[in-house]
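Listed here are the chains, written in short residue letters.
There are 2 protein chains.
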Amino acid sequence: MTWRFALVIDPAPVDDTRTDFADTFTQIDPSAPALTVGELSTQRGDGIFETIGVIDGHVQEAEAHLQRLAHSARLCDLPAPHPDQWRQAIARAAAACGTGECAIKLILSRGVEHGPAPTAWVTAAETADFTDARDIGIRVVTLDRGYDITTPDRAPWLLLGAKTLSYAVNMAALREAKRRGADDAIFVSTDGFVLEAPTASLILLRGDRFITPAPHGGILQGTTQQSLFDHFRAHRYAVDYETIPVADLATADGAWLVSSLRLAAPITEIDGTPLPVDTALTASINHYLLSPRD
Amino acid sequence: MTWRFALVIDPAPVDDTRTDFADTFTQIDPSAPALTVGELSTQRGDGIFETIGVIDGHVQEAEAHLQRLAHSARLCDLPAPHPDQWRQAIARAAAACGTGECAIKLILSRGVEHGPAPTAWVTAAETADFTDARDIGIRVVTLDRGYDITTPDRAPWLLLGAKTLSYAVNMAALREAKRRGADDAIFVSTDGFVLEAPTASLILLRGDRFITPAPHGGILQGTTQQSLFDHFRAHRYAVDYETIPVADLATADGAWLVSSLRLAAPITEIDGTPLPVDTALTASINHYLLSPRD
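Protein chains in written order, with the numbering used here: chain C, 31 to 324; chain D, 31 to 324.
Careful: at least some of the hints might be erroneous.
[Said to hold, decoys possible] With a straight-line Cα cutoff of 20 Å, these simulated EDC-like cross-link-like pairs (lysine to aspartate or glutamate) come out:
| # | chain 1 | residue 1 | chain 2 | residue 2 |
| --- | --- | --- | --- | --- |
| 1 | C | K135 | C | E91 |
| 2 | C | K135 | D | E143 |
| 3 | D | K208 | D | D301 |
| 4 | C | K135 | C | D59 |
| 5 | D | K135 | D | E91 |
| 6 | D | K208 | C | D278 |
| 7 | D | K135 | C | E143 |
| 8 | D | K208 | D | E143 |
| 9 | C | K208 | C | D301 |
| 10 | D | K135 | D | D159 |
| 11 | C | K208 | C | D174 |
| 12 | C | K208 | C | D159 |
| 13 | D | K208 | C | D107 |
| 14 | C | K135 | C | D301 |
| 15 | C | K208 | D | E143 |
| 16 | C | K208 | C | D162 |
| 17 | C | K208 | D | D107 |
| 18 | C | K135 | C | E272 |
It should be emphasised that the hints constitute simulated quantities derived from the structure, not laboratory data.
Isolated chain C, as found in the complex (with noise of 0.2 Å):
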């Protein structure tokens, strides 16, 4: 991974009333020290964060990504991100992006321990190529995820709608996948419902629908399914929220993981069950994907 661009970012309280953060912003070398060991993203996961593609310059539905980033601070009681801040500081980050397919990442953190205000910063970077994932697709496991779906809705301090900096597990499971033998995973929930992937989310074809998991179950919002199914429904496909028993997995008629960067990955295969790839309509689906987007 090369990278391209970091910026520390003083948090301006949500209620700064100022037009320009410039003096909020110090620009730093990527592959430099720039944290201190007593940072709770480090010490603890403790934080928050979004990853959001840029292709040709052009930042992917940024919006969408700062109302979930705002979202995710109110689950962790971190203070609300300042929307105008945080636009100007990806602006930033996109002006270093140049063309291709470039990553940037936000990150609020609850800051360095004991201390006075979260830390936050912005950084971009060259992605993967992911060429083959979206040609030829990908192989998935079904993995435990240990929660019955009710499971977010009893017990709010298990964080499982937010997108926090926790992400071991999210590690673990990809891991656990490759050792049998596969790209990715699927999360199932302990009562037998699908979830999401560890860092995409699950988009099933049935019939002539396009199915996601419905958002409870502590799945996270995904940002490129939301943007897949506005574009699903302005070409007149119907489009629906589910809750999705793990059984019907295997008799979908096409599935994808989809996420930010990597895009649209066509599933093969799903515990070792091939399933049908439609490689014309996945190469669509990327078509739009890879096409400006707010």
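Fit chain D to the known structure of chain C by using the hints.
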């Protein structure tokens, strides 16, 4: 909090046969930038840690902490920590502690994203003043951990027995406890058993027996709890590991949350129900925990 010391470690392979690891250590200013924004500890909470108490320069139960660090590394597919290297790093940190109570933290991170190797560091800092918690006690609430007690065996990728840096949920549980007017929380399983506190182990007194939740159900083996059980056994008290129903909390003859820094905090009430506090017994427990232990 006052930092005393920080050391960045270049992790040695466990089969390294040297006896002096000084050239793998770089002492740093704990308040100065030391970590890059690419650190996976900060981006993903992807790493493990230990917090060790130091009392008048004596490192408490260093070997138990090193064993648990190695256990966490296995669960997280991280390279095994070289025991001698970490012992020497701990000794340096302890030398910076001076008199009184001090906290040494060991962190082993998966490293910088796409980087070649893990990163690691050790810090030492003065601890908070825990006098009130030890002498007066704490009020706790029970909080659903979302898992049933069989989950860890079924889904090791949930890393439930590892002490990872992904502690956002533990921190959220402490905030929820404070929102409810309590000082701390006890996690319970969905099937009604007592687990542990977000940053401590639970010990109950029942008649003349000390009991603690059996180390399944994803409970971290508490180093302070184990040390105390050794002490109790030596003084001919009965100790047991049990699967403890939540309902048994309210009828305990005494209860403590025990951890490396706060040591034994007697629980004065659980979910609003008062519990008996034996001040003399608690004082004798903390007297032991404050004595040099190996």
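Against the structure, the hints come out as follows:
For the suggested pair K135 of chain C and E91 of chain C, the alpha carbons sit about 13 Å apart, so the restraint of at most 20 Å is met. Between K135 of chain C and E143 of chain D, the direct Cα distance comes to roughly 13 Å. Compliance with the 20 Å bound is thereby established for this hinted pair. With a C-alpha separation of about 12 Å, the suggested pair K208 of chain D and D301 of chain D falls inside the 20 Å cut-off, and the hint holds. The hinted pair formed by K135 of chain C and D59 of chain C meets the criterion: a straight-line CA distance of about 15 Å does not exceed 20 Å.
The straight-line distance between the Cα atoms of K135 of chain D and E91 of chain D is roughly 13 Å, inside the 20 Å bound, and the hint therefore holds. With a C-alpha separation of about 42 Å, the suggested pair K208 of chain D and D278 of chain C falls outside the 20 Å cut-off, and the hint is violated. For the proposed pair K135 of chain D and E143 of chain C, the alpha carbon gap of about 13 Å is at most 20 Å, so the pair holds. Of the supplied pair hints, the one linking K208 of chain D and E143 of chain D is violated, its CA atoms being roughly 36 Å apart against a limit of 20 Å.
Distance check on the hinted pair: K208 of chain C and D301 of chain C sit about 12 Å apart at the alpha-carbon level, within 20 Å; holds. Our distance criterion of 20 Å between C-alpha atoms is met by K135 of chain D and D159 of chain D, whose separation comes to about 18 Å. For the hint pairing K208 of chain C with D174 of chain C, the CA-to-CA distance comes to about 16 Å; that is within 20 Å, so the pair holds. Between K208 of chain C and D159 of chain C, the direct Cα distance comes to roughly 18 Å. Compliance with the 20 Å bound is thereby established for this hinted pair.
Distance hint between K208 of chain D and D107 of chain C is fulfilled; the C-alpha atoms sit about 13 Å from each other, no more than 20 Å. With a C-alpha separation of about 32 Å, the suggested pairing of K135 of chain C with D301 of chain C is violated against the 20 Å cut-off. At most 20 Å may separate the alpha-carbon atoms for a hinted pair to count; K208 of chain C and E143 of chain D meet this at roughly 18 Å. Taking the CA atoms of K208 of chain C and D162 of chain C, the gap is about 16 Å. The hint holds against a cut of 20 Å.
Restraint check for K208 of chain C and D107 of chain D: the C-alpha separation of about 13 Å stays at or below 20 Å, so the hint holds. Pair hint K135 of chain C plus E272 of chain C does not hold up; C-alpha atoms about 30 Å apart against a cutoff of 20 Å.
The structure shown violates the earlier hints numbered 6, 8, 14, 18.
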